[in-house]
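Build out the structure end to end from the sequences listed, making use of the hints.
Numbering of the sequence shown is given in our numbering, commencing with residue 1 and proceeding in unit increments.
Bear in mind the hints are in silico, worked out from the structure with no lab data behind them. Hints are supplied without guarantee of correctness; some may be wrong.
[Stated by the list, open to error] Taking lysine to aspartate or glutamate and the EDC-like style, the derived pairs with C-alpha atoms no more than 16 Å apart in a straight line are:
| id | residue 1 | residue 2 |
| --- | --- | --- |
| 1 | Lys26 | Asp45 |
| 2 | Lys6 | Asp45 |
| 3 | Lys26 | Glu67 |
| 4 | Lys6 | Glu86 |
| 5 | Lys26 | Glu55 |
| 6 | Lys6 | Asp87 |
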Amino acid sequence: MRMLMKVQFPLEPFNSAVRDGSAGQKIRSILEANQPESVYFVEEDGHRGGILIVEVNDPSDIPALAEPWFLTFNANVQFRIAMTPEDLGRANLDSLGQQWS
1 MRMLMKVQFP
11 LEPFNSAVRD
21 GSAGQKIRSI
31 LEANQPESVY
41 FVEEDGHRGG
51 ILIVEVNDPS
61 DIPALAEPWF
71 LTFNANVQFR
81 IAMTPEDLGR
91 ANLDSLGQQW
101 S
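In structure tokens:
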């Protein structure tokens, strides 16, 4: 299942990793291990963050995706189901609308 994974970095230890030059390599190592479909780095609520699209085949996949961010950066990680227009089309919204009207 395709999921949107939001990562938010607290100022520390991320600032220290930037100062000592290790932030980039740490991020690259995590991304190489997780192999996300796409990655975007963003600012959110005054913090550095990232939005990743990842494939989750089983709930047991979640720790392997989240723990590197938790353990490396004390990051906050959230997951949301992400649907393409095709996925939404298969949801049969018209029938659901009729059923629940």
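Here is what the structure says about each hint:
| no. | hint | result |
| --- | --- | --- |
| 1 | Lys26 x Asp45 | 23 Å, violated |
| 2 | Lys6 x Asp45 | 13 Å, holds |
| 3 | Lys26 x Glu67 | 13 Å, holds |
| 4 | Lys6 x Glu86 | 23 Å, violated |
| 5 | Lys26 x Glu55 | 21 Å, violated |
| 6 | Lys6 x Asp87 | 21 Å, violated |
Of the hints listed earlier, those the structure fails to meet are numbers 1, 4, 5 and 6, in rising order.
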